[in-house]
Structures are given as structure tokens and as C-alpha cells.
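Trainee: One letter stands for each residue in the lines below.
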Amino acid sequence: MFNKLFESLYNKVIVSIVVGSSKSTVYIEVCTKNRVVQNVEEVFDTTSLNAAMKEFIELYTAESPYSYISFLDTSIEQGALPTCVKNKIPYYADISASISKCYEDKWTYFAAQEEIYAIEKKYQKLGVDFIFSPFVILANFFKDKTSGTLAMYVLIQDGYVSLSIFNESQLLFAEHLDLHNSVDNEDILIDDIDEDLDLLDEGIDLDGVDAIEEIDSFEDFGDIEDLDGIEETESFLESTDVEEKLNEELSEEELPLHEADGFNEDYQRFLLIQSSINEYYQNSKYESEFVQNVYVADGVGVSQDLKRYLEEEMFLDVYVRQIDLVSWVSDLTKVELGYEV
Amino acid sequence: MKYSYLKPRRKTPLTPELKLILTFFSITLFMLCSTYLFLLFKDYRFASEKQEILQTRYDLNVSIAQMKEQVRSIEVEKLLSEKIYTQNSVLKESIMNLFDLVPERITLSRASLLENGLILYGVTPNKDVYNFMLQAPLRSIFHKTYSSFYPAQNGWYSFVSTNYIQDEMMQTQNTNEEEELEDED
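First to last, the protein sequences are chains L and H. When we follow the numbering used here, the leftmost residue of the first sequence carries the number 1, and every step to the right adds one. When we follow the numbering used here, the leftmost residue of the second sequence carries the number 1001, and every step to the right adds one.
One should not assume that every hint holds.
Pairs of lysine-lysine, DSSO-like flavour, derived with a Cα cap of 27 Å [as the list claims (entries may be wrong)]:
1. L:K4 <-> H:K1007
2. L:K125 <-> H:K1007
3. L:K4 <-> H:K1011
4. H:K1019 <-> L:K54
5. H:K1068 <-> L:K33
6. L:K334 <-> L:K101
7. L:K54 <-> H:K1011
8. H:K1083 <-> L:K125
9. H:K1007 <-> L:K86
10. H:K1002 <-> L:K101
11. L:K122 <-> L:K285
12. H:K1127 <-> L:K4
13. L:K88 <-> L:K54
14. H:K1092 <-> H:K1068
15. H:K1007 <-> L:K33
16. H:K1078 <-> L:K121
17. H:K1007 <-> L:K101
18. L:K101 <-> L:K122
19. L:K54 <-> L:K23
20. H:K1019 <-> L:K4
21. L:K54 <-> H:K1007
22. L:K334 <-> H:K1002
23. L:K285 <-> L:K88
24. L:K285 <-> L:K101
25. L:K125 <-> L:K334
26. L:K122 <-> H:K1078
27. L:K122 <-> L:K54
28. H:K1068 <-> H:K1078
29. L:K143 <-> L:K334
30. H:K1144 <-> L:K106
31. L:K54 <-> L:K86
32. L:K54 <-> L:K106
33. L:K125 <-> H:K1011
34. H:K1144 <-> H:K1127
35. L:K23 <-> L:K125
36. L:K33 <-> H:K1002
37. L:K285 <-> L:K106
In case anyone wonders, no lab produced these hints; they're calculated from the structure.
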């Protein structure tokens, strides 16, 4: 009772930390029961807790005894499984050494216990209150979409990609991928480059191509441009997502800024997504259904290339939404603390 | 814990500043309470001491009253003793005088002092010696004097002299003595 009384007297300080491949973003919200009094965001060039970061956080946490430190779990040994039934979980993966939680009694997300302990130990000077899975953020961020027809949802983080496939709120497949430490990814990348090199070595015999026949064959398809237009309109109508298209158009205007420095990473991301979709299609454990729509939650500001790769190479309809990851971690913390977000 | 892998750490409102404030107030409160309790104790002790002093005073008063009573009784006893001593002295003197009255030729064998008289037993060589030398002074002292003689074996006379002072004189004397004692009380 006294604790509740004191709790109402103090402001709550919510510290959200998202660790990327080379930097950490700290977002701090000072809130009362009803509103946010102050918010501040700072980026530190470190992936661990350094003195500057500690000092910055403690500057705010010292204001109130009710301060909460939240993390986005970016450890590689995590994932999500399409069931909450304990007997069925081993069919998909062995999570005996993991901490798992069930999301709305529909699907399970998990993370290696060792990794969670490692985060707690790494930040023990600050203390850790909440650790959230990127799949939870993905599911909440696209809550308006996951209840619809089958689609793939991708959360782009700094150095990581979390991917999931939902059909009517039911998770079918999920994978968390590390952009820099994925051996398979590098192999695929090398293989693809080799293929490209082979093609270059062999050359393309333009003489062997019958231009007229090709044109005829294309004619069989009718007016391709019109067809594309119809398809786009249909998909647009099906998804009924005017907002997505508007966002897409806006992002198209903004994204060229990142194109110069983000090409390689975007391609790597594309390859990771491609390999994951292949895994989804080929692994008999999962209910493989054709993926047409891809919703991308962009937490780092990817270039237009990723969208282009997905659209051109995999013939997917791609919609990109910007996401402020630290803000979402903060919102999830508020949900945990019983706030209405 | 809806989404998080971890449970939040238990939060306590006791920050170091609050702990300092609480410590300060606790010490102040403790000191106030201690002072209050000390004063209560002192008050209680003062009240009990007062009660004890009152009781002692009452006891002393009672003791003083008893002592006064004892003093009074001792004074009465003293007066009585003085009176007895005086009476004894008077008696002694009287006896001395009496024996002085007895001439050398008369030998007393016994003397009985009565409240209002004197009985003397003795031997006299003859009646004349007795009549002139002893009876005469006895008559001057006592109002009534009776003498009786009977011959002894050696030719002397044994005598019994009975002398009385009149009763009215004795009563007057006694009354005067009692009045004197009452006045002294």
C-alpha cells in the first residue's frame, strides 16, 4: 500500500536501449501516470555499457526510484515457433535451454537463457528490468496487418533482421538473422557472385536470341504494362492499404540518400530474407503457403534497393514502414507497467 | 509480465536521499520520544518521591505526636518520681527525726509507720524516762498518743507507743498534694 502511494508520488523513468552492430541507442522517457513529461534520445558508439552511457542513463534514473531499464533482445539464438502447445514445440526446435513466452496463446517466442543472462551480466551496473523479443515488436507494430491474409513481416534492425510470416494472426514461420555473423549468408553471397561471374565469363549470345519470337511470346501475355497496372491496382485494392502506398512513395523520396552507403548491407539483407523464404518453402515442418506481400518495418533507414531486390528478384509486393525501435521498446515497457499505450 | 522475458527488479522508494531524510526524522522522533519518556519517568519519580516525602512527613508527625506523648508521660513520671523522692526524703527525714527523738536510754525494737500514725515497740528502763524523754516530743508531733507498758524479765519495761495524726489533717494534706499534682499536669 505504501509502495503504491510512493509510486504515485514519483515519476517513472523508462530507459530503452537498442544495441546495434556498432552503436547503442538510448531513449529515455520520464512519465507520470498519464503523460510523458520528458523524452530524450542519445546514440553512443559502443555495443556495451561505457562510462558516458552509464553517466547519461544515471542522470535520469537518479531522479526516481521507479526507473526501468528495457532492452531489445538482438541475440542470435532466438526465434519464434508457430505453436504454444508444449508437446508440439520440440517438433520445431529444441528450446530446453531457452526462456520462452507465449504470445496471445497463438505462438511462442524464445531466447537462449545464456544470452539473456549475458545481457543481464553485461548491464548489471545499471540493472535490467525488461528484455523484449523483436518478434513481439513486429507483431505489435503490424497488428493491423497480421490479422489479414498471409504475408511476410520483416523487422530491419542495425545488424539484424527479424522475419516472420503470419496468416490471420497465426505465426507460420519466424527467423532472427545476424547480418554480419551469418556464415550461410556469406556463402550464399559468394555463390551468387560466382554465378554472376560465370555468366559474365560465358557471355550472352545475343545472336542466338530471336528478337521477333521473343516479342511474339511477349505479345501472348497481352499488354504487359497494362497487366502490371491492373495487378498493382488489384493488389492495392486487396490490401486496401493507401497508407502503405503513400508511405512507400514518401520513403522512395527519402531513401536515395542512403543508397550510396547502404548497398552491400541491403543486398545482404535481401539474401538473408531470400534464404529464409527458401527455408520456409522447403522445410516440411512449416505449412508452406505462397508469400505475396512483404511488410518491412524499417528501423535503420534502409535504401530503396532492398525493396527493389525483393520486388524484382522475388516478385513480392513490398510495403515499407518506418519504425522507431527504441520508442517501441519504451511503449512495450509501458504496457508491462500497466500504462495504456 | 506480458511480453518481457524478465520480471522487473523490485523497486523501492527508499532512495539514498529519502533514507537520509527518514534517518534524520527517525532520530529526531526518537529523541523527542526519549525526552518525553524521560520527562514522564521523571514526573512519575517526582510524584512517587513526593508521596514518599508526604508519607515520611506523616510518619514523622505521628512519631512526634508519640514522642510528645512519651515526653508528657515521662514528665508525669518524673513529677511522680520527684514527688516520691520528696516524700521519701521527707519520710527519711521524718524517720531520722524520729530516731533522733529516741533518747539513748530507750531502745526501739520495732517501728511501724502507718498512713496516719506511728507505732513504736521498745524497752525503757522505766516509765519516767519514756514519759519525759520520748512521749513529750511525740505528743508535740501527733494528735493522739497512746502508750502501754508491760514489764520485761530484766526489770525494764517493754512499751508500745501508738501515735495518730487526726484524719482531717491528713485529708487536707492529701487534698493539697493532689491539687498540686494536677496543676503541674
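Trainee: Against each hint, give a clear statement of whether it holds in the structure.
Mentor: Structure-based check of all given hints:
1. L:K4 <-> H:K1007: holds, 18 Å
2. L:K125 <-> H:K1007: The hint holds at about 17 Å.
3. L:K4 <-> H:K1011: The given pair, whose Cα atoms are some 11 Å apart, holds under the 27 Å limit.
4. H:K1019 <-> L:K54: holds, 23 Å
5. H:K1068 <-> L:K33: violated, 88 Å
6. L:K334 <-> L:K101: holds, 18 Å
7. L:K54 <-> H:K1011: holds, 19 Å
8. H:K1083 <-> L:K125: Roughly 110 Å separates the two Cα atoms, so the pair is violated.
9. H:K1007 <-> L:K86: holds, 22 Å
10. H:K1002 <-> L:K101: OK: K1002 of chain H and K101 of chain L at ~9 Å, within 27 Å.
11. L:K122 <-> L:K285: violated, 36 Å
12. H:K1127 <-> L:K4: Since the Cα atoms of K1127 of chain H and K4 of chain L sit roughly 137 Å apart, the hinted pair is violated (cutoff 27 Å).
13. L:K88 <-> L:K54: violated, 43 Å
14. H:K1092 <-> H:K1068: violated, 34 Å
15. H:K1007 <-> L:K33: holds, 20 Å
16. H:K1078 <-> L:K121: At roughly 107 Å apart (the allowed maximum being 27 Å), K121 of chain L and K1078 of chain H break the hint.
17. H:K1007 <-> L:K101: holds, 12 Å
18. L:K101 <-> L:K122: Since the Cα atoms of K101 of chain L and K122 of chain L sit roughly 23 Å apart, the hinted pair holds (cutoff 27 Å).
19. L:K54 <-> L:K23: holds, 14 Å
20. H:K1019 <-> L:K4: Roughly 18 Å separates the two Cα atoms, so the pair holds.
21. L:K54 <-> H:K1007: Judged against 27 Å, a Cα distance of about 22 Å means the pair holds.
22. L:K334 <-> H:K1002: holds, 11 Å
23. L:K285 <-> L:K88: Satisfied, since the Cα-Cα distance of roughly 11 Å is no more than 27 Å.
24. L:K285 <-> L:K101: holds, 21 Å
25. L:K125 <-> L:K334: holds, 23 Å
26. L:K122 <-> H:K1078: violated, 109 Å
27. L:K122 <-> L:K54: holds, 12 Å
28. H:K1068 <-> H:K1078: holds, 14 Å
29. L:K143 <-> L:K334: With a Cα-Cα distance of about 17 Å, the restraint between K143 of chain L and K334 of chain L holds, given a limit of 27 Å.
30. H:K1144 <-> L:K106: Measuring from Cα to Cα gives roughly 153 Å; hence the hint is violated.
31. L:K54 <-> L:K86: violated, 40 Å
32. L:K54 <-> L:K106: Measuring from Cα to Cα gives roughly 38 Å; hence the hint is violated.
33. L:K125 <-> H:K1011: holds, 16 Å
34. H:K1144 <-> H:K1127: Distance of about 18 Å is within 27 Å: holds.
35. L:K23 <-> L:K125: holds, 19 Å
36. L:K33 <-> H:K1002: Distance ~19 Å between K33 of chain L and K1002 of chain H Cα, so the pair holds.
37. L:K285 <-> L:K106: Holds, at roughly 17 Å.
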